[in-house]
Amino acid sequence: EDQVTQSPEALRLQEGESSSLNCSYTVSGLRGLFWYRQDPGKGPEFLFTLYSAGEEKEKERLKATLTKKESFLHITAPKPEDSATYLCAGGSNTGNQFYFGTGTSLTVIP
Amino acid sequence: DGGITQSPKYLFRKEGQNVTLSCEQNLNHDAMYWYRQDPGQGLRLIYYSQIVNDFQKGDIAEGYSVSREKKESFPLTVTSAQKNPTAFYLCASSGRGDLGETQYFGPGTRLLVL
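Just so you know, the protein sequences line up as chains A and B, in that order.
Under the working numbering, the first residue of the first sequence is numbered 1, with each subsequent residue one higher.
Under the working numbering, the first residue of the second sequence is numbered 1001, with each subsequent residue one higher.
Accuracy of the hints is not assured; some may be wrong.
Using 27 Å as the maximum straight-line C-alpha spacing, the simulated DSS-like pairs for lysine-lysine come out as follows [said to hold, decoys possible]:
id, chain 1, residue 1, chain 2, residue 2
1, A, 68, B, 1071
2, A, 42, B, 1083
3, A, 59, B, 1014
4, B, 1071, A, 69
5, B, 1070, B, 1009
6, A, 42, B, 1009
7, B, 1071, A, 42
Treat the hints as calculated values from the structure; they're not laboratory data.
Using the sequences provided together with the hints, build the complete structure.
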C-alpha cells in the first residue's frame, strides 16, 4: 500500500539546536517528493521538490535530502520563526495521486 | 502578484444547507485540486481537474461537487449529503497535473457547522 509516514509527530527544540525530520515513503513509481511548511490556520507553503535518490536542496536553515526509502528535512540552528508544521508528500505514477504525511509539528523555544 | 485565492476565510453551514467555497488562481495552471484537512490526518483529495470542463473524483468525493467552467476557477460545493463537513479546505494548483509537479496551495477556508 502506498503511503507516506512522518516522524516524529512533534518536536521541541531549543533555539540553535539542530535536528532532522523524517519522511518515510512506500510510494511505487515515485515522481517527486515534496516538502511544505504550514503555519496554523494557513495553507501549506512550498519548500522543496526532490526527484531522485541522492538529491539535496537547501534554503536558509533548511536542507532536504532524499534516499530510495526516506527523505530528511535537516534544520540547522533553528530560530523561533521556524516553528510550524512540516508536511511531506509523494507523487505516484502507479497510484496516480499525491500521498501526504500527517506532518511534524516543530516548536523552537527561544 | 500571482497566486491562489480562496474565499471566504470562514464559512458557517446550517443543517440541510449547501455552501460553495471559491478558489481562483492566476498562475495559468491547467490543474486544480481540492483537499480536506482534519486534525491528525494527512490532506485528503476531494476532487481534481486537469483541464476545463473535466474533473475527477478523489478519495472522499461523496457529499461534494465541483465545476470547472474557467481555467482560473474551481469552486467546491459542500452539499447537505456531507454529514461531517467541519474541516479546513485547501485548494491547490499545478502546471499540467503531472505527479512530479509541485502543487501550490491557497490560504484555505475553514468550514464550521452551526
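Okay, the hints, checked on the actual structure:
For a cut-off of 27 Å, the pair hint linking residue 68(A) to residue 1071(B) is broken: about 36 Å separates their Cα positions. The straight-line distance between the Cα atoms of residue 42(A) and residue 1083(B) is roughly 24 Å, inside the 27 Å bound, and the hint therefore holds. Annotation: proposed proximity of residue 59(A) to residue 1014(B) is violated, straight-line Cα distance about 44 Å (limit 27 Å). Among the hinted pairs, residue 1071(B) with residue 69(A) is inconsistent with the structure: their alpha-carbon atoms are about 36 Å apart, more than 27 Å.
Restraint check: the Cα-Cα separation between residue 1070(B) and residue 1009(B) comes to about 22 Å, which is no more than 27 Å; the hinted pair holds. For the proposed pair residue 42(A) and residue 1009(B), the alpha carbon gap of about 10 Å is at most 27 Å, so the pair holds. Our distance criterion of 27 Å between C-alpha atoms is met by residue 1071(B) and residue 42(A), whose separation comes to about 24 Å.
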